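Peer 1: The lines below spell out each chain.
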Amino acid sequence: GAGVSQSPSNKVTEKGKDVELRCDPISGHTALYWYRQSLGQGLEFLIYFQGNSAPDKSGLPSDRFSAERTGGSVSTLTIQRTQQEDSAVYLCASSLGVRDEQFFGPGTRLTVL
Amino acid sequence: AQSVTQLDSQVPVFEEAPVELRCNYSSSVSVYLFWYVQYPNQGLQLLLKYLSGSTLVKGINGFEAEFNKSQTSFHLRKPSVHISDTAEYFCAVSRYNFNKFYFGSGTKLNVKP
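Residue numbers (our numbering), protein chains in the order written: chain A, 7 to 119; chain B, 31 to 143.
Warning: the hint list may mix true and false statements.
[Claimed, not checked] Just a sample of chain B residues kept apart from chain A, beta carbon distances all over 10 Å, derived:
1. Glu94
2. Ser103
3. His105
4. Pro109
5. His112
[To be verified] Under 7 Å between C-beta atoms, here's a sample of chain B residues computed to sit facing chain A:
6. Gly73
7. Leu74
8. Leu76
9. Phe133
10. Gly134
11. Ser135
No lab work stands behind these hints, which were simulated from the structure alone. The model shown is predicted, which means the values in this text are computed figures rather than measured ones. Each residue gets a CB set at the ideal place from its N, CA and C atoms; glycine is no exception.
One chain only, chain B, in its complex shape (with noise of 0.2 Å):
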């Protein structure tokens, strides 16, 4: 079975300042690689995915993620923060065949004024 580790469970940063979540998967086989985001009082939402091709992958907000097979690594980058960023980040994992998917426990985003 897979699992994803989200080592941070909270960063802390100062608006304008770069930042990486990082996220590392355990898998034997072909995985699929999201990142998902989840405002204060709102749903879920996608921010990028990796499915295949280039393993540079641009999402919204600014936001990107590279695959990186070897280190089985997915991390989230963006290269100078908002307020408006603040949020808690899941990555997550499926099977090649989408009939599972595996959620890291999450990294709460705080970016200060």
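Excised from the complex, chain A in its bound form (with noise of 0.2 Å):
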């Protein structure tokens, strides 16, 4: 079956202009979460979503992100003016449900100029 996909897998900006960066997750699965990986660091976990509930936003690492996630599959994480410290790699998961295993998606590598 299909696994979690995102898109684009690599975007180029302009200092100042947003972008949006898409998540497939796997058919059925209840929880979706965003991380960024920036170069030589962890991951830093951005959002999570689960079910219908509304989610946790406090991840999110200033008010110029923001995430939703429609019918509880296809999500979205919008950056607004982006700045070159957003420069990064944007990885999305998803699970079956918050105890089980969370399969990650290729990644959109953003690059902000």
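Could you use the hints to bring the two separately framed chains together as a complex?
Peer 2: In structure tokens form, the structure reads like this:
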């Protein structure tokens, strides 16, 4: 079956522009996670969706970051007015339930010039 | 807030030698513990996890880890490594309700022939 997919795989943008990153989780997975992996650093947890519950947004690094999950499936991470420090690989993961293994997507490499 | 420390950023080891990758966490509440592996040019995948029960957890590819609550550690071990184990390994901690995950900065295991 299909795994977690993310698009685009690479995104180059200019400082100040808005970007949208998309995540398609595995069908039937109720939990969805967004992470950021900066060069030479570990994964930084951003946000988590579980079913139809309101997400905990406290992990988002600034109010320029927002995320939504429509219909309990596809999720979009939006970064407004991008800055150079936003350059990183953005990873999405999904799991069947909260106690289950997270399956990671290939990531979106964002470069802000 | 929790934090996860992986003191060794790189671990070189010869094939068939034993290896231990160290992970320490800081938390005053119950947590769950995970090890993930990222092979070159591949996505993250779960190696093993500790949720409850036996403190010695066995994972895929012959890896195991031991949860030590008094030392707040979750070190990963393998008695005999292979070239194919060359990868980056991440330790992670989540709260009891799984609404946030904290990852270490990763340890690159380089297995030499």
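Peer 1: Evaluate the condition: distance from the CB of B/His112 to the nearest CB of chain A exceeds 10 Å.
Peer 2: Check passes; 23 Å lies beyond 10 Å.
Peer 1: B/Gly73 was flagged as interface toward chain A. Is the shortest Cβ-Cβ separation under 7 Å?
Peer 2: holds (4 Å)
Peer 1: Taking 7 Å as the limit, does the beta-carbon of B/Gly134 come near enough to a beta-carbon in chain A?
Peer 2: holds (5 Å)
Peer 1: Is the hint on B/Leu76 kept, meaning its closest Cβ partner in chain A is under 7 Å away?
Peer 2: holds (5 Å)
Peer 1: B/Glu94: least C-beta distance to chain A exceeds 10 Å?
Peer 2: holds (17 Å)
Peer 1: Just double-check B/Ser103 for me: nearest Cβ-Cβ distance to chain A has to come out over 10 Å.
Peer 2: With a cut-off of 10 Å, B/Ser103 remains clear of chain A, as the shortest Cβ separation is near 17 Å.
Peer 1: Do the numbers back the hint for B/Leu74, that is, is its least Cβ distance to chain A under 7 Å?
Peer 2: Holds: closest Cβ of chain A sits about 4 Å from B/Leu74, inside 7 Å.
Peer 1: Is it correct that the beta-carbon of B/Pro109 has no partner in chain A closer than or equal to 10 Å?
Peer 2: holds (24 Å)
Peer 1: Regarding the assertion that B/His105 does not contact chain A, is the least Cβ-Cβ distance greater than 10 Å?
Peer 2: holds (17 Å)
Peer 1: Does B/Phe133 pass the interface check with chain A, least Cβ-Cβ distance below 7 Å?
Peer 2: Holds, about 4 Å.
Peer 1: Quick check on the hint: B/Ser135 CB to chain A CB, less than 7 Å?
Peer 2: Holds: closest Cβ of chain A sits about 4 Å from B/Ser135, inside 7 Å.
Hint violations for this structure: none, all hints satisfied.
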